[in-house]
Amino acid sequence: MDARALQKNLLELIRRTSAELPTDVVRAVEAGARKEKAGSNARYALEVIRDNIVMAKDKSQPLCQDTGTIICYAELPKWCDERTFRSAYEKAVVEATRVGYLRQNSVDSVTGANSGDNLGPGNPSFHFHQATGRALTVRMMLKGGGCENVSSQYSLPDTKLGAGRDLEGVRRVVLDSVLQAQGKGCGPGILGVCIGGDRGMGYVAAKETLFRELDDTNEDPRLAKLEKRIMKEGNSLGIGPMGFGGATTLLGVKFTHRNRVPASFFVSIAYMCWAFRRNGFVLSEGGRITRWLYDS
Amino acid sequence: MLLEAPFTEEKIRALRVGDMVEITGVVYTGRDAVHKYLHDGGKPPVNLKDSIIYHCGPVVVKEAGKWVVKAAGPTTSIREEPYQGPLMEQYGIRAVIGKGGMGAKTLQYCQKVGGVYLHAVGGAAQVLAERVVAVKGVHLAEKFGSPEAIWEFQVERFPAVVTMDSHGGSLHAQVLEESAAKFKQLLG
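So the sequences go chain by chain: A and B.
Counting from 43, one number per residue, gives the positions in the first sequence under my numbering.
Counting from 18, one number per residue, gives the positions in the second sequence under my numbering.
Wrong hints could be hidden among the right ones.
List of simulated lysine-lysine pairs, DSSO-like, C-alpha gap at most 30 Å [to be verified]: (1) 267(A) <-> 201(B); (2) 267(A) <-> 199(B); (3) 122(B) <-> 201(B); (4) 79(B) <-> 99(A); (5) 99(A) <-> 50(A).
It is worth saying that the hints were derived from the structure and are not from the lab.
No experiment lies behind these values; they were computed from the predicted model shown.
Isolated chain A (complex conformation) (with noise of 0.2 Å):
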């Protein structure tokens, strides 16, 4: 394989998801600002993200300063071995650091000293997975600092909010995270929530099913059921676009679940800033770019 040729691909993909949002991204934007009155601080909010949305993909900068933590998901076929697919994404990584489609975001946690360069313990964030056939999927979400500042992990029974071990539980606990969020993570924002698994499953999953589509309805219908109702309840406690007040807390609200053991019963949060940076693509094994999986 040619794995220039491979980091160069990478590379776009980076610039992509910085500087451009996915369109179902952009329509609940701009739905969310016609639900807004006219003259309002809410709508004032959304008319600069929606004017920041077009100036950032077509002056191809970063939409947000804060170009978050780099997480990628990745399918290998058995064409592309793990250490390839890493060294090139890495060399990707730092030559976006250099030409400023990312920003130096990576600090030693012990002596605070930043990288420069975006790599380092932790960074980025990889998610391997076996391709079951030839070609190679990759998936790549950049999240500010802001909103994973306001996410949250909740241990069922919560007695405070009344909160038991079942649905009518997690629904609780969810709309208390999105009252505690107010508008310091950004918003108005998406939810990404898994019900059970253990406490680092719970948040690895409730991001990864931040990668479905704002408008797609979720296959198990007790699941479908509990998003729009939080969707509909969340967007009720009017604190609007920045906590400014108003229709739109949230843009989206996706729910997945993992088995737990009998003792524990987590619900993990992970919400995300109006600034929903991602986008991913499939590429063949001659190294060509087939699809990519939103459409900017």
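With chain A's structure known, arrange chain B on it following the hints.
Below, chain B alone, put in the same frame as chain A:
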């Protein structure tokens, strides 16, 4: 409405929570390192009387010998909560631009000294960078590094919303209270 330099106490006291302003004049960036430095008695390299401080770690590059601002969105303000009020009083800082709002201590100082908190749109790095029409200088860059330095930005029609005013009003406190009441109702 327009908020133009000079940023006098009279102009600032006239602002109310919910006002949407467009700022024209000079703003100084300052985040964690600058606030701690001033709090610890460091001498300000610029005159902060009737000034606006912007909580921002911008991306600025030099192109053909000139500073160009590539991204300049707000950072989370609450980290400066211990320092902000006393610094507003000591140096006559009139307004703070940031995101996420600030707490009761800053709100009290806003009342006392005649100050406001201006909320910029988080994540809107490109729109906000475009409103910086000139970089007039940079201070303490060698000491703190570029994102933590004091950048002197000439801004034109820089958009923000007044979310804390000099009359004790806080949109953050109000939205929290109203959403908490609604939450209680939803939980039954």
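Tested hints:
no., hint, verdict
1, 267(A) <-> 201(B), "holds, 21 Å"
2, 267(A) <-> 199(B), "holds, 21 Å"
3, 122(B) <-> 201(B), "holds, 27 Å"
4, 79(B) <-> 99(A), "holds, 22 Å"
5, 99(A) <-> 50(A), "holds, 19 Å"
Checked against the numbered hints listed earlier, the structure breaks none of them; every hint is satisfied.
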